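**Q** These protein sequence lines map, in sequence, to chains H and V.
Under the working numbering, the first residue of the first sequence carries the number 2, and numbering increases by one thereafter.
Under the working numbering, the first residue of the second sequence carries the number 2, and numbering increases by one thereafter.
Hints were generated in silico from the structure; no laboratory data involved.
It should be emphasised that the depicted structure is a prediction, and the values quoted were computed from it without experimental measurement.
Put simply, identical chains are the same to the list, so a pair is met inside one copy or across any two.
Keeping only pairs whose Cα atoms sit at most 27 Å apart, straight-line, the calculated DSS-like set for lysine-lysine is:
#1 Lys122 x Lys262
#2 Lys48 x Lys262
#3 Lys200 x Lys48
#4 Lys231 x Lys122
#5 Lys199 x Lys48
Residues per chain are reported as follows:
2 protein chains.
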Amino acid sequence: MSGPRPVFFISDGTGITAETIGHALLTQFEGVNFETQRIAFVDTYDKAQLASERIRQRGAHCGLRPIVVNTVVDGTLTDIIAESGALMLDVFRPFISPLESELAEPRQPRVNKAHAMVDYKAYEARINATNYALTHDDGMDVRYDDADLILVGVSRSGKTPTCLYLALHFGVRAANYPLTEEDLENRELPKRLRPFRKKLFALTIDPERLRQVREARRPGSRYANLEQCKSEVSIAEALYRQENLPVLSTTHTSIEEIASKVMSTLGIERQLY
Amino acid sequence: MSGPRPVFFISDGTGITAETIGHALLTQFEGVNFETQRIAFVDTYDKAQLASERIRQRGAHCGLRPIVVNTVVDGTLTDIIAESGALMLDVFRPFISPLESELAEPRQPRVNKAHAMVDYKAYEARINATNYALTHDDGMDVRYDDADLILVGVSRSGKTPTCLYLALHFGVRAANYPLTEEDLENRELPKRLRPFRKKLFALTIDPERLRQVREARRPGSRYANLEQCKSEVSIAEALYRQENLPVLSTTHTSIEEIASKVMSTLGIERQLY
Chain H
2 MSGPRPVFFI
12 SDGTGITAET
22 IGHALLTQFE
32 GVNFETQRIA
42 FVDTYDKAQL
52 ASERIRQRGA
62 HCGLRPIVVN
72 TVVDGTLTDI
82 IAESGALMLD
92 VFRPFISPLE
102 SELAEPRQPR
112 VNKAHAMVDY
122 KAYEARINAT
132 NYALTHDDGM
142 DVRYDDADLI
152 LVGVSRSGKT
162 PTCLYLALHF
172 GVRAANYPLT
182 EEDLENRELP
192 KRLRPFRKKL
202 FALTIDPERL
212 RQVREARRPG
222 SRYANLEQCK
232 SEVSIAEALY
242 RQENLPVLST
252 THTSIEEIAS
262 KVMSTLGIER
272 QLY
Chain V
2 MSGPRPVFFI
12 SDGTGITAET
22 IGHALLTQFE
32 GVNFETQRIA
42 FVDTYDKAQL
52 ASERIRQRGA
62 HCGLRPIVVN
72 TVVDGTLTDI
82 IAESGALMLD
92 VFRPFISPLE
102 SELAEPRQPR
112 VNKAHAMVDY
122 KAYEARINAT
132 NYALTHDDGM
142 DVRYDDADLI
152 LVGVSRSGKT
162 PTCLYLALHF
172 GVRAANYPLT
182 EEDLENRELP
192 KRLRPFRKKL
202 FALTIDPERL
212 RQVREARRPG
222 SRYANLEQCK
232 SEVSIAEALY
242 RQENLPVLST
252 THTSIEEIAS
262 KVMSTLGIER
272 QLY
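Modelling step: build the complete structure from the supplied sequences, incorporating the hints.
**A** Below is the structure:
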């Protein structure tokens, strides 16, 4: 009986790249039980030594060779980490030399330069879009001229987190409009949304799942009642069909997938921050 | 005179992994001008053909061989994309066989399984944390018993986007408290924060940068005046020292880095979603 296989995501920065590719790799081995840890900001000899020792000890303790998904750029630090005895998966290494040949120039190992103006522009785009999402959340501000897109859906169908994700990662100004009971009774697109038809994207959700989400929020309420959820979803979906809006069900969809599908459907191309 | 080198991030999913590793690789070649595009959800023969043709045409048009950062798992689709003639950087390929040997089992190519319960748990953790961040933003709700951490700082020092990022990506319940003029005049930690000293993390920012950010928000206001910004930052920093709070300057720091440093300083370990 062996325990979970230890996996370390190690980086000289935040570790987000290492963890992103690491998770994607591990999902290819669904039969294996993994225990994952991130070690971020490994950018000095001392930190590399500490990391190496921690990995070695974990391996000794559990009796399984650890796996390291590594994005540390400095080769001397990587060598220290490798002394832990772990299986080293160096995320950048396999791609650097093909890129060097193709581009006919050697890489210049990224140093922590300030890149002040570029950083500011990216930061501002993200912050401004986040502020936009916050002020245009849940129909609070319904002036949509500046919106890149507007998500429409019943309460708790996934609009707010998707808007925040789009803002933080793509600098997209995403508003969201909750379909109220009045809107649903009218069985037509609310007047204030009509001028922005090309910016609209509709979210739907399985009524039973909606019930669970609403129940967690307001236990025992009419709002969380299954019949109420079924009725709202069914009227909303009829409305989407009638208005010919692009629709996605959020029931089995991650926030990343919703965001990505909304952008590709509406033809919004943005670089990932 | 050649234009920018075309780079495509191609995936059978959202393309976020491909783009994350792609950006990290491209920053190693700072002298080269790149033009990047994402092609997501390439999961059928037809979509792979379309992608391949689009890449081929882009290369023919600009006279430079395109580069593809590929995370499509299905080898037959990858082969079709490779027919475009692009330099193929297959993100997973170099790591699969070392992992197969180490784990002594073949990978099982990830299919789009629903994994319903796991998905729900992750989704809920993210949504609940996001709701927490929204209701505990900017000192709105100051009941912090449930908080994993509380960011403290003057207005516009980067608290809100960091809290939202922590929520969406790590399911961390992050509150934030803006230091008001009254707090700054008192030159001590606000009473309501004192019971949660171990959860506090302070943000600071260069006063000139703060002036720019505030000026964009409220042009010509006292709030955006340089002297006002200098005074607030200097009093806040003195307060952080006096109270011995961990501090980070957000001036040249990305949201990812702030989030990651806050977590590692406070010893909060969470898996990235």
